[in-house]
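Number of protein chains: 2
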Amino acid sequence: MNNEKEQERKEQTELVLFHLLHLRDIETFREEFLNLHSYDQAQFYEELNEEERLILYSFLSPEEMASIFESIEVSEEEYKELLGEMMPDFAANMLADMYADDAVDVLNELDKEQVASYLTIMNDEAADEIKELLHYEESTAGSIMTTEYVAIYANETVSSAMRILKEKAPVAETIYYVFVIDDEKRLVGVISLRDLIVAEDDTLIREVMSERVVSVSVAEDQEKVARTMRDYDFLALPVVDFQNHLLGIITVDDVMDVIDEEASDDYSKLAGISDVDDTIRTPFSAAKKRLPWLVILLFLGMLTANLIGQFEETLDKVAILAVFIPLIGGMAGNTGTQALAVAVRGIATGEADKESKWKLIVREGLTGVITGGSCGILVVFVVYIWQHSFVLGLLVGASIFATLIAATIAGALVPIIMHKFKIDPAVASGPFITTVNDIISVLIYFGLATTFMSYLT
Amino acid sequence: MNNEKEQERKEQTELVLFHLLHLRDIETFREEFLNLHSYDQAQFYEELNEEERLILYSFLSPEEMASIFESIEVSEEEYKELLGEMMPDFAANMLADMYADDAVDVLNELDKEQVASYLTIMNDEAADEIKELLHYEESTAGSIMTTEYVAIYANETVSSAMRILKEKAPVAETIYYVFVIDDEKRLVGVISLRDLIVAEDDTLIREVMSERVVSVSVAEDQEKVARTMRDYDFLALPVVDFQNHLLGIITVDDVMDVIDEEASDDYSKLAGISDVDDTIRTPFSAAKKRLPWLVILLFLGMLTANLIGQFEETLDKVAILAVFIPLIGGMAGNTGTQALAVAVRGIATGEADKESKWKLIVREGLTGVITGGSCGILVVFVVYIWQHSFVLGLLVGASIFATLIAATIAGALVPIIMHKFKIDPAVASGPFITTVNDIISVLIYFGLATTFMSYLT
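In the order they appear, the protein sequences are chains A and B. Residues 1 to 457 (the numbering used here) are what the first sequence spells out, left to right. Residues 1 to 457 (the numbering used here) are what the second sequence spells out, left to right.
These aren't lab readings, by the way, just hints derived from the structure by calculation. Note that the structure is predicted; figures quoted are calculated from it, not measured. Certain hints may be false.
Since the list can't tell identical chains apart, any single copy or any two copies may satisfy a pair.
Heads up, simulated DMTMM-like pairs for lysine to aspartate or glutamate below, C-alpha to C-alpha not over 20 Å straight-line [claimed, not checked]:
1. K112 <-> E78
2. K359 <-> D89
3. K10 <-> E313
4. K10 <-> D233
5. K357 <-> E47
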């Protein structure tokens, strides 16, 4: 991984594996393949065709296949396809062997009946664990947590904690934190493996544990969970219900995926597209994702067109006015997007909660005055030099000035209002604010032009 | 943290701490304060004014202050200010006590002379460690790695590895991986604490270690490092030079910051703003960040205006044409941004490297044909119903069709070309592509209108 030599070695290994697979040399294949990291196994798996995958399933145990399935990144349809080509027994056992949270991620992509049938086939313990997680709403702490944690009582000793850890090491998702619970399974403390290692063997857990446990509620939004974990630099975070009962834990690897997902999500919305990160795309599936936005924008654009149509008389008299429509609209759209991006990120990172909304809007307004003033003055000169008309320059400059102030405030205001009504502010992103500001700019520009018509002709 | 009760308790604690600070009750304050998690300590610290901070410095040791400083998130200027108000000795000792990678992050914000003076005051060991890290270029693996890792030789036993871990636990940035080196400090293996715990005491490390170590080169881009870590779900990643010598490690908490940073960065660029995430802003500093883009866009917009000016004659004859300029330009800008966002993310996540660029462009072109065709046909009808002119509808519809194809291809092509020339493709984002597509749309629309003028009048 670190250099070309490594990359080369990796490609060589893959070629050998392909060869062994086709030769159906199960022993040598297993020896080579199981030596790989599960991510590399997954990469190899993703490159196989159906026929090759069927051979692979016959080479591996459901347990070995489980770690591969935890590492692949494919679309909803592909999950269905891959599971469908396995024998139902094999698939169910594989799902049972996966970490419960990862299995739930896969099962969430399937139809209810399919899920039910897999759950019936697999062993009861795994099925119960999965069922427990399946009913949490998407994007909550509950949906990304796992129940495979290590918990002990406060009156046990460090050495017995270490013994439990050794036992649980092969199945627990993380053994680097041990959570301390009371008789009713309420979370009372936490101790890291680091602290356990340093502590004396016969010390009681209650003496070395930290009682100030940072935990998240099971219904908490996953973005907030990710923020807490990042802020505190934790490797795992306990999830509790309202009575502080320990329900599960969230590990850092899942949180990394959340951070990535949420950032992509905001980015997608700013670009006016439902999901920017889908890996397999045909022109049809891509068009399907982009068309809804485009059609909405088309109708919003018609609104703008209609508005300009109201000023047809003005346009008829001074055709040169049309020349500056895209300039003024574009500037409005750009400042609006800038202000909106700052507000959306501020809300996403929680920065914006710290100060009053009014202060933010006043500040954006003043920013608009500065940027609008600078650009406005610049435009007066440029238009004067280019068109030799001071009046036209003044009109365009004044329009830019007023438009930029209004557009900047609108850009900040829209996400704040949406956030207030519990709508994800990123939804209002990019294209939407651009259209709003198009309308603002047309009204200001033609309003001014019509008012001062006598000076223009 | 998990519910309102927790939040309340936190606020209460803060009030008590403020009170104790002002009473100068050092003992009770320390008892309460040092009980907090360092992130909460940092939150408290960020709320103090200068006078209060000076009291705090007199209450705490440089070592205690170090963990606070690792957790605060402030701007460049503020780092300077905060360090400046400490006694130079105190500040230097604090920096020496911080994890080397975090200390380097702070020092990178200071002037060279300041850095040199702090390095002279602090103990040699810490100074050497920091100096080693200081010379790595920003955004490389070297710049985010730390040298506080645990390494052993392959012929030691599991029990001696555990003994070394116990010793290093208080200072190492992570003890959850032990890296195995040979006599020349070359990386030959890795073993997790999880595996160490399960292994028998007298086993040799070489028997239980994994020889397939995934490592990154010291000059590797931090975004790639983050991707590797996320893909493999590692908690730490070793950093090596060209001869595979172990130089340091990168831990998952630093990588989470990188993922967040890079995503924000792409987002900022799509919004046409240099840094969306700066927390303290005055209208002037905000305007300073946004104006450069706006002025560039102003001149690009002038280009579009100039272009439309070329068609003044056409406009003079058919003023209604002006009405649809923002609609067509807007649609072009939006499809372009969609295609660009997909390409930029594809490049950022490495997805785009997997397939041929030509395939991507052909696919985007076909997507443009589908979206352009759908929107074009829709527009013909809407304009016909609204303006009762089939010819005008046909003109606008045909323009939308052609523009969407061209704009989609341009949106995908620009980032690919920039990536080829090793320019960050996100730079070309949002506003830039919007202007390019404005120009494309004007050329197509007025080109068609001028050609078919006789049918329009």
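Hint-by-hint comparison with the structure:
{"no.": "1", "hint": "K112 <-> E78", "in the structure": "within (17 Å within a copy, 54 Å between copies)"}
{"no.": "2", "hint": "K359 <-> D89", "in the structure": "neither (61 Å within a copy, 39 Å between copies)"}
{"no.": "3", "hint": "K10 <-> E313", "in the structure": "neither (70 Å within a copy, 64 Å between copies)"}
{"no.": "4", "hint": "K10 <-> D233", "in the structure": "between (33 Å within a copy, 19 Å between copies)"}
{"no.": "5", "hint": "K357 <-> E47", "in the structure": "between (51 Å within a copy, 19 Å between copies)"}
Hints 2 and 3 from the list above are not met by this structure, while the remaining hints are.
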